[in-house]
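Protein chains: 2
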Amino acid sequence: MRRILIKVAYDGTDFHGWQLQPGVRTVESELNAAIKALTGEEIAVTGASRTDAGVHSMGNVAVFDTESTIPADRFCPALNTYLPEDVKVTESFEVKPDFHPRKVNCRKTYEYRILCSRVPDPLRRRNTWQIPYALDVGKMQEAAKYLIGEHDFASFCCVRTQAESTVRTVFDIEVTGKDNTAASKEITIRVTGNGFLYNMVRIIAGTLVEVGAGKKEPEWVKEALEKADRTEGGPTAPPQGLVLKEIIYEEK
Amino acid sequence: MRRILIKVAYDGTDFHGWQLQPGVRTVESELNAAIKALTGEEIAVTGASRTDAGVHSMGNVAVFDTESTIPADRFCPALNTYLPEDVKVTESFEVKPDFHPRKVNCRKTYEYRILCSRVPDPLRRRNTWQIPYALDVGKMQEAAKYLIGEHDFASFCCVRTQAESTVRTVFDIEVTGKDNTAASKEITIRVTGNGFLYNMVRIIAGTLVEVGAGKKEPEWVKEALEKADRTEGGPTAPPQGLVLKEIIYEEK
Numbered sequence: 007m008r009r010i011l012i013k014v015a016y017d018g019t020d021f022h023g024w025q026l027q028p029g030v031r032t033v034e035s036e037l038n039a040a041i042k043a044l045t046g047e048e049i050a051v052t053g054a055s056r057t058d059a060g061v062h063s064m065g066n067v068a069v070f071d072t073e074s075t076i077p078a079d080r081f082c083p084a085l086n087t088y089l090p091e092d093v094k095v096t097e098s099f100e101v102k103p104d105f106h107p108r109k110v111n112c113r114k115t116y117e118y119r120i121l122c123s124r125v126p127d128p129l130r131r132r133n134t135w136q137i138p139y140a141l142d143v144g145k146m147q148e149a150a151k152y153l154i155g156e157h158d159f160a161s162f163c164c165v166r167t168q169a170e171s172t173v174r175t176v177f178d179i180e181v182t183g184k185d186n187t188a189a190s191k192e193i194t195i196r197v198t199g200n201g202f203l204y205n206m207v208r209i210i211a212g213t214l215v216e217v218g219a220g221k222k223e224p225e226w227v228k229e230a231l232e233k234a235d236r237t238e239g240g241p242t243a244p245p246q247g248l249v250l251k252e253i254i255y256e257e258k
Numbered sequence: 007m008r009r010i011l012i013k014v015a016y017d018g019t020d021f022h023g024w025q026l027q028p029g030v031r032t033v034e035s036e037l038n039a040a041i042k043a044l045t046g047e048e049i050a051v052t053g054a055s056r057t058d059a060g061v062h063s064m065g066n067v068a069v070f071d072t073e074s075t076i077p078a079d080r081f082c083p084a085l086n087t088y089l090p091e092d093v094k095v096t097e098s099f100e101v102k103p104d105f106h107p108r109k110v111n112c113r114k115t116y117e118y119r120i121l122c123s124r125v126p127d128p129l130r131r132r133n134t135w136q137i138p139y140a141l142d143v144g145k146m147q148e149a150a151k152y153l154i155g156e157h158d159f160a161s162f163c164c165v166r167t168q169a170e171s172t173v174r175t176v177f178d179i180e181v182t183g184k185d186n187t188a189a190s191k192e193i194t195i196r197v198t199g200n201g202f203l204y205n206m207v208r209i210i211a212g213t214l215v216e217v218g219a220g221k222k223e224p225e226w227v228k229e230a231l232e233k234a235d236r237t238e239g240g241p242t243a244p245p246q247g248l249v250l251k252e253i254i255y256e257e258k
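Note that the protein sequences, when read in sequence, are chains A and B.
The working numbering puts the first residue of the first sequence at 7, with every later residue one more than the last.
The working numbering puts the first residue of the second sequence at 7, with every later residue one more than the last.
If you are wondering where the hints come from, they were derived from the structure by calculation, not from laboratory data.
One or more of the hints may lead you astray.
Note that the list lumps identical chains together, so a pair holds whenever it fits in one copy or between two copies.
Stated by the list, open to error - Straight-line alpha carbon distances no greater than 27 angstroms define the calculated DSSO-like cross-link-like pairs of lysine-lysine that follow:
(1) Lys222 to Lys42
(2) Lys251 to Lys191
(3) Lys191 to Lys145
(4) Lys221 to Lys145
(5) Lys102 to Lys228
(6) Lys184 to Lys233
(7) Lys233 to Lys151
(8) Lys184 to Lys251
(9) Lys191 to Lys233
Treat the numbers as computed from the prediction; the structure is a model and nothing was measured.
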């Protein structure tokens, strides 16, 4: 028996999220079906991040145990022949038999993409939050600084969470703006941390947009954080702007 | 009666191309339906480029005649409220009553996007031609130079065309490569000309890929052009890599 780690990229648009749910199409159900088709084994993968419906991934991680003799690095191309075009394995290798992708120290990086444009852009609708007015990137950068470090992120966590502690460490937040055309600007919020609460990155994005739009001052983010109460944070940004970029583990 | 020009952006994935066809969803049918919903008029728009199924646009152009009193620049936001999310009007203004978008001198720019990557990328599948091996950008640039200028592009034209002359002028072709990750490279072929034959940009892309892959030498493109015979050109690249970037008219 070997434990295989796979890195998984997907376009979340047409999935009901990562996690298995009866009767709907999820990333997990597609992976389990591809592994069964390849090895004949009834296997349920264990994922690192159970992303929501509409959220994308360039580097989610999952592990599974197999009796198959397929070389570890061949799972990547072999599983891809069975997977649909909106989910693909980008890498596969063997890990220690006790490696658990949610119980090992890691750095996770998410990106949230916003397109400020007077008119909607059909070509970017699946991977940006489109906002019909300009945002002040400088103020968003100023506000983002308050979130760096170890904090209780209860104000940035959807009430549905069942996590015991709401303390997390954000290693870095970077807000960058790029002009696409005279009338549009793409803003990317890149967040790296040791783990994230339910909806945390989307609430960070929604909160920074409140500041960028001038509805709140940057200092409001500091106050909202200190109050540790979800009603103090900003709104939850829509899922399609979010992409899980990568997960880096210290040990394998 | 006024003639209104609209610029139109769309994600071509879920359209059977631009042109009206019975029983299927096309960009033209959506535009006509939106104009009818807005003004009550039965109008058929006249488009500049009748793009194929799967081909995208950031700046196609269409005109229509209307008795409506809606200010010309308000057609853009008003039509967008009736249009589906994969097609939007980005600009609208009045033009001379005899302006015809296919009969006036213009510069059209298309981009063709290729992603060279060992593993497929689900997030780029709708707007790139994904090729599982590397291409030599330098050789593609060398080959592209032969296509610049006024030539008979019969070797780069699908036999289905009904155009009388196959002579066109290509003002410029730019082939640029950008490394996205260690294992992937995005190549963009940007072509500007005074008009293009049926499938011409896709055949140019398919031909340059033959050279980039080392199957042919750059000089082969010069020979293929001179023979003016479709069987001498390269294969037609798939539609999803192509986007009509803009059309610039000398007069309005």
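Checking each numbered hint in turn, tell me which of them this model violates, lowest number first.
When the structure is compared with the hints, numbers 1, 5, 6, 9 turn out to be violated.
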